[in-house]
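Colleague: Chains as they are written, first to last, in the working numbering: chain A, 539 to 1112; chain B, 40 to 354; chain C, 2 to 308.
By construction, these hints were calculated from the structure, which means they are not laboratory data.
Quick reminder that beta carbons are idealized off the backbone N, C-alpha and C, glycines included.
Worth double-checking, as some hints may not be accurate.
Unchecked claim - Covered, in the sense of this in silico footprint (three residues per stretch, anywhere, with C-beta under 8 Å from a C-beta of chain C), are these stretches of chain B:
(1) 84-91
(2) 121-132
(3) 154-167
(4) 314-326
Said to hold, decoys possible - Below, a sample of chain B positions facing chain C; criterion: calculated Cβ distance under 7 Å:
(5) Val-75
(6) Leu-181
(7) Val-188
(8) Phe-190
(9) Pro-194
(10) Val-195
(11) Asn-262
(12) Asn-332
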Amino acid sequence: MKSLRKWYVVLLAVSMLVASCGDETTETAETTSAPAETTAAPETTAAPETTAAPETTAAPETTAPADPGPQQGGTLVVALEATISTLDPHRSSGGQTHEVNEQIFEKLITADYTAPNDGGPPEIVPRLATKWESSADGLTHTFSLREGVTFHDGTPFNAEAVEFNVRRVWDPSFDHYIGEGLSGLAGTVFQNLETVEVVDEFTVQFVLSKPFGFFIEKFATTTGLGHPWMISPAAVIEYGEEVADHPVGTGPFKFVEWVRGQHLTLEANRDYWRTPHPYVDELIFRPIEDASGRVNALRAGEVDMIRVVPPDQIPQLEGEGFKIAAGPTPHLWYIEFQHRRPPFDDARVRQAVNLAIDREGMAAELLSGTVEPAICLCSSTSATFNPVPDWAGFEYDPERARELLAEAGYEGGFDAVFETSTSGSGQILPVQMAEWIQQDLAEIGIDLELRTYEWNTYVGRWYLGMPDDVDMNQISWGDNSDYWLYESSAPSAGINSGGLVDEEYDSLLIAANEAASQEEARGYTEAAARRAHELAFHAPIVSDTFPVAMAGDVNGFIRAGDWVVDYSVVWLDR
Amino acid sequence: MSKEGDVLEGAVVRDNGTRQADPLTTTQAGQFRLIVRTFARDRLALSGLILIVVVVAASFGADLLTPYGPNEAHREVGRYAPLGTPGHFLGTDGQARDVFTRLLWGGRVSIPVAVLPVLGASAASLVIGLMAAFSAGWIGSLAMRILDVMFAFPPVLLAIAVATILGPGMMNVMLAIGVVSIPYLTRVVFVEAVSVRGSDYLRAAQVAGTPRRRKLLREVLPNVISPVIIYASTGVGGMIVMAAGLSFLGLGVQPPTPDWGIMTADGRVVLQNLPHIATVPGFLIIAVALAFNVVGDGLRDALDPRHRTRTWTAG
Amino acid sequence: MLFGISVVGFLLMKLVPGDPSSFLLGPFAGPEAREALLRSLGWDQPWPVQYVKWLGLFVQGDFGTSVRYQTPVSEIFGQAVVNSAILVALSFAIAFVLGFFGGILAAVKRFSPVDRVTTTVAVVLASAPVYWLGLVLVWIFSVRLGIFPVSGIGTVGAESDVVDLLHHAALPSVTAALIPMAVIFRLTRSELAHALDQPYIQAARARGLTEASVVFRHGVRNIVAPIANVSGLQLGFIFTATLFVEVVFAWPGVGFLVFQAIAARDIPVIQTVVLFTGLLFVAISLVSDVIQGLVDPRTMASAGAGT
């Protein structure tokens, strides 16, 4: 109850902040949040979780004379950058599909998508659980579930539903197992899972065979294939493989209609436990894959909001009165080096490249401020970054870079091959960025030859390891959890495209992985990140802020330190 | 070149065979002069040719026309400098590179990448199409069947597949484009050749006992060449664009090498505020494609005796 | 023939590097997850085995399951075909009607200002990149003038009806039609101009027939075969153009589907599309051959000469 109230206050405050000032600074946040808190608090305490919406829907309206506050009603149309692949949450792939599924389905615990982020990972908060406890040895994790929650089909949410969902993605012996190919990422979250047990109707326990330091973090934040968002077991049993056409969750929005490739219509779940959300009556997603097409649709008023805005359009759109919302995301675009042979087996050469790239210039100029320069193999929302590490990252210093090259015996520079994709999920503008890097490195005498590949081909090449005739490649990905360091770059177990060999780095990451708690793991990952920085194992370039553009009357949108957005807090001023 | 020679010869024979001989057409030299004269009279075609020559010359003489390198970033001027910026009259692009310089250099890629494969494919399709239409053997029909299979694939899909398999690079893009163009052109040749096969004058030639090879070259080819020229010249603009599409997918010319299609595609995102970035190379593609079209028309008129006579009577 | 198409289609996608795991799992999935996924899709088997399995199911009417959508291909393909067919039919109608009749007009009024203007417009249009035309049309008619919607196939949230559909289809179908229209126009003009110079036309004129009758009864009739042939080819071109157009206008048709399928290496979808387009092309060339045989001017001319 207490946590619910805290939530509501935060939500209201935040929506009012965005309502009143668009994308201004956080100072304004505190001042506007004060009145919201006073008006909101009595309402929430009065409204029991399970009772109907009318009381709470009235709440914002009563404050109308002074500040209209969030308004109920209306239809929000959002243009996605790609089509939704499936509404079976356990088969979900692609950022736009996760975002949509997040509106219909909920998890036990989640990163808080309703608090704006100023760096550091979003707080992990209870959702369908009310609290959780992890044993000191890191083997047992017990979740207390929220009572009185029902799925959209009216069936109750309880511990058995949790067990059903977990086993659907994790247990090959389960009748409703989705198949080994599709359980995909469940293999990460549940890598050491031994049993999932129903303790009582509203308590569920996960027992691991050995500790996994990132269990809670991954359980809260993983999106995608195999992640157990809670879908109604009754629906899965009834519809089987076709459940994607009949998605039934517990979330703020209910499924209405989905015409593949055309639109998905959701309506407000007026029995939602987290009142008074959602604000809008109807939420519609439309795929428009062409970036210019999305911008035109926004301009023509056919949609209210677009994802993945071309950076060069942002100043223009702002000038025309559209709002841009952006914020740090768990994203990093970075270069891997060919560690198996000269010249990049020498730390000085790798440092030189790091020093020669003008990240600030790239962020401000080429990408119109839509990215943050990166300072480590992390984004500003990842745990390693919080608190901010005591190193500064590589400053742009071509002079020093030339000296380092000379020290390493490459006064005259050298020729190198840089592979890049032409586009792709999270790749921003890979060709233009590669061209920028090419120009920067030319300044210190490194002559880069670019080779570009279509995204799927590229990822295949990247994943198999950098070919011997290539010196650098790039990839973009990220995760707020530091498990990411392990899966991306651990020499013995990660993908490690550049073939890095470093025992110390490796053992630090493995130790983190096997830690009994998050705090313990954190100590190891910080040391690993520091070592990666000092020896310049990679060249981190930028982190995306994932800008979204919306019409002037769309309010309350929050970029919360993740890609995923909670549309239940968005409201329309119409 | 030899192909054209054949065509000329064929034209002479047919003129001699079917009409009263014009004194000018009785010698090879006279023939050539006639073609040049017919072509030169066609002012539209001539201006197209002049445009092509100018654009090609400007592209290959880029060093003389601009002080900058195509990949040189002018960060002091900034990205997207507007039209009329001193020293950069067409402004700069998203990488602060001089747009005018890149347009010049882009011609070195965009023109050959479109023209060479179309020429090659035209030659190949003439051979395949005529063979299929006139040889009774299985080779011809097998070739047509194979082409029919290729024909069934959307060209873009086919080009993507071919270019992906071959790997990126300008040479491979040209191959991909050539391969993709063959089924279309061959079908044009084949259909035209089949209808010629049943025509009176061919029967006449048969009766007269003209050898088969000679018959093909002198009687059939001139009739078939005209639709090929139309089709091929229409294709040039499309091929520039297809090459750009392939580059866009990372299958073509590698960045930062400029190419008009890529420049157009890159400029799309700033179409609203800086329309010239996408439209100037876009118009250049249109202009060059247009030039090829009218030159193709002019050439067809000049080469094809049917049209030539018509022009005379009309003019 | 179709067998050949299906083998080539299958082989092409096998030769193209990459697999569905990058799309479904993202770059950082571990090797076990990747292998498990590929195993579940049958990608671990040699390609002839995969092909035969696929073919076996296909002939039974089971087109497989889309890797991307995790749903039977038939379900997503059917709707896409209908949507594309609407676009292709509209485009072809526009291209053919304007191209053919425009061409006749230009040929009859040869070297007149009308001819000059229409020919120039046709040639300019034929030279323009499709996606560029699309963007320019959207910019003028949707963003600036607000006459037509920017994208999509229907007004979201509204009941779909024919008017709404045509309203949405206007810009994409015109975009896809412009180039084929220009090609048909030029061919009609040049063939008809040539036909009108033939002795039998002069003879017809000499017999005192009206000009309209000369043009249509004798001229146009004789150019039907090449026009039919090239129009058939242009139908193929329109299909290709709609690949781009569908992406630019977010039109949920086959082109849209196939681009996504290529990116995800969604072979069941690609194969289905390839086979059906193959079927379509075979049908088109058959029809165009038949028309050819029925109305070939040269055979008809010689037959006429005999009587």
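Colleague: Failing hints, ascending?
Modeller: 1, 2, 3, 5, 6 and 11
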